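Asks: Here's the letter readout for the chains.
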Amino acid sequence: DAGVTQSPTHLIKTRGQHVTLRCSPISGHKSVSWYQQVLGQGPQFIFQYYEKEERGRGNFPDRFSARQFPNYSSELNVNALLLGDSALYLCASSNLGQGAVETQYFGPGTRLLVL
Amino acid sequence: AQRVTQPEKLLSVFKGAPVELKCNYSYSGSPELFWYVQYSRQRLQLLLRHISRESIKGFTADLNKGETSFHLKKPFAQEEDSAMYYCALRMNTGFQKLVFGTGTRLLVSP
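Going down the list, the sequences are from chains Z and G.
Numbering-wise (our numbering), the first sequence opens with residue 1 and increments by one.
Numbering-wise (our numbering), the second sequence opens with residue 116 and increments by one.
To be clear, the hints were calculated from the coordinates, so they are not data collected in a lab.
The structure presented is a predicted model; accordingly, all values stated were derived computationally and were not measured.
Where is the CB? At the ideal position from N, CA and C, for every residue including glycine.
Hints may contain errors.
[Stated by the list, open to error] Ranges between beta-carbon positions, derived for each pair:
(1) Glu102/Z <-> Ser170/G: 15 to 25 Å
(2) Leu11/Z <-> Gln157/G: 13 to 23 Å
(3) Pro8/Z <-> Ser167/G: 30 to 40 Å
(4) Glu135/G <-> Ser73/Z: 36 to 46 Å
Only chain G is shown next, with the shape it has when bound in the complex:
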């Protein structure tokens, strides 16, 4: 069965430190992977998707099919990056179901 695992509930770093939020997935087909972010008192929003191979707010994520991972990285964390981050997988089916991980709370301290 498809599953997304985010092993860290909380990641606490200092401003300027590198950040890596881990995401591993389990899916036998060809997945689409996403990172969603939820800032305090805001709605869940798309941060980036693997097919776009883009960098958003300094964050990047590379899909590693061999390790079934899609870790989110940023070289220098900022205080405004503090938020809840969810990794999500969309299966290659006829409809657009997203499977989410349990989320990692990133706390960036000054």
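If we strip away everything but chain Z, and leave its shape as in the complex, we get:
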């Protein structure tokens, strides 16, 4: 298993544009979470999805949205990009709901630069 995969690896956008980031969870995992990591900070929670439903949302504006597909992959969308949205966006999948101690497994991230 390749683990959690994310695409693209790097992305450059300009202010006001829209971006879509993608995540494929570990096979069998039904939960995906998204985090934003600004340089020099720890990851900050954006969303969690489980069984295609939003289960939690962090303190981010409505410009941020996400969804989870029937195959449990997920997209994070950010509209009207600001310079401050430049960050590493991490996706984590977990074995939530599968009877084991829940563990989050992180992908390599997508580095977004907004100019």
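We have chain Z already, so just place chain G on it with the hints.
Replies: Frame of chain Z; chain G shown alone:
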């Protein structure tokens, strides 16, 4: 509000020296605490969690609810321990949000 504090941005030690990476948390409920590690050019990965009371790669961490701390310790540091370490808290809510500290970079010199 819930918060995780890692007071040291950088901790530099020599090989064989003891290591303690500090983590304090603020949360009114019953938390779950974790240590995540990120080695150079690798993804963030779970090192250990307090409920397992385990030792991974020689590291241990004990949850001290009185001091609201979850410090990471290793008696003898190795060069391969050099990495970024993040302490994280998961609240006892209906979903699995992790709150991370700002991280401590551990540098172990020969």
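Asks: Taking the earlier hints as the rules, which of them does this structure contradict?
Replies: none
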